[in-house]
Amino acid sequence: MAENGDDDTPEGARESRGIQSIEVGGRLLLALVHAGRPMPLKDLAREADMTPAKAHPYLVSFGKLKLIEQDPASGRYGLGALALQLGLIGLQQSDPVRLASAELPALALAVGQTVGIAIWGNRGPTFVRLEEGPTAVHVNMRHGTVVSVRGTASGRLFAAFMPRDEVLATLRAEAGKAVRIEPAFEAELAGVREQRFSSIVDGTVRGITALAAPVFDGFGEMVIALTAIGPSAILDPSRDGAAAQALIGCAEGLSRRMGARPAAPT
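First residue of the sequence shown: 1, per full-length UniProt numbering; consecutive thereafter.
Derived from the structure by calculation, the hints contain no laboratory data.
Be aware that one or more of the hints could be misleading.
[What the hints assert, rightly or not] Within a straight-line C-alpha distance of at most 27 Å, the following computed DSS-like cross-link-like pairs (lysine-lysine) qualify:
id, residue 1, residue 2
1, K42, K66
2, K54, K66
3, K64, K42
4, K64, K54
5, K54, K42
[Claimed, not checked] Ranges between beta-carbon positions, derived for each pair:
id, residue 1, residue 2, range
6, G75, E23, 21 to 29 Å
7, M141, A81, 45 to 53 Å
8, A242, A81, 43 to 51 Å
9, P72, K177, 55 to 63 Å
10, D240, A190, 16 to 24 Å
Model, not experiment: these values are computed from the prediction.
Cβ atoms here follow ideal geometry from the backbone N, Cα and C, with glycine treated the same way.
Could you put together the complete structure from these sequences and hints?
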């Protein structure tokens, strides 16, 4: 037995042990986040897999902490002021490039090709990180490289999700003249938005295939593109391929860490 109030629990066990009542009550917060709207007590308790009588005391305590608030007119429960403040602070502290950079080495091994991070810069899609994979790819790419909007997977991805006026301005700069988005390109961008995925074979470089998946923040805005680049003879361009699924899985995981809501099934 421990003396003088010391805890004799082994170090590993002490680190993994939590407070069960907090974890149980936390299911109510998770239910509200997943629902995305205020809910009546009965529905909220059901989504948290507990009875209304069990849920109510937790809601009272969460209300005192401003994590949850109840609408006096409808009686529905929603996230409170403190929950909103925590969310905003979390978004401010999240750096998508930093988070994605930590994932690149493992992603390059999973995809088996060179992977990178592109942002929407002043001149359009710009690569800020690259991680070489086990398969060599001979493309003149480095940090700071600006790529084509139309001719690259990451460029088309940004064209699908960025504000239209910004996309047109970049296309105009690329072409050196006024441009418009043709119906065929518009249809392609609609498909990219629906699938949250872009691929291109023999785009700006013949014999090279590129894949790209978007990462979104808590405001629903695309912040970076995760891209894989490899020889067309090896890299499968389809969304259902192993490389694409690894890329999409990584992008979706980063989006969740950035506070984005899960995408609807395609």
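Quiz item: Is the gap between the beta carbons of P72 and K177 within 55 to 63 Å?
Solution: 59 Å Cβ-Cβ, so the 55 to 63 Å window holds.
Self-check item: Restraint status (C-alpha distance of K42 to K66 at most 27 Å)
Solution: holds (21 Å)
Quiz item: Has the given pair, K54 with K66, been kept, meaning a C-alpha gap of at most 27 Å?
Solution: Satisfied, since the Cα-Cα distance of roughly 19 Å is no more than 27 Å.
Practice problem: Please work out if K54 and K42 have their alpha carbons no farther apart than 27 Å. | Solution: holds (11 Å)
Quiz item: Do the alpha carbons of K64 and K54 lie within 27 Å of each other, as the hint requires?
Solution: The hint holds at about 17 Å.
Self-check item: Cβ separation of M141 and A81, checked against the hinted range 45 to 53 Å
Solution: holds (46 Å)
Exercise. Assess, step by step, whether the Cα of K64 is no farther than 27 Å from the Cα of K42, and give holds or violated.
Key: holds (20 Å)
Quiz item: When you take the CB atoms of D240 and A190, is the distance between them in 16 to 24 Å?
Solution: holds (19 Å)
Quiz prompt | Outcome for the supplied range 43 to 51 Å, where the beta carbon pair is A242 and A81 | solution = At 45 Å between Cβs, range holds.
Quiz item: Between G75 and E23, is the Cβ distance one that fits in 21 to 29 Å?
Solution: holds (26 Å)
In terms of the numbered hints stated before, the structure departs from none.
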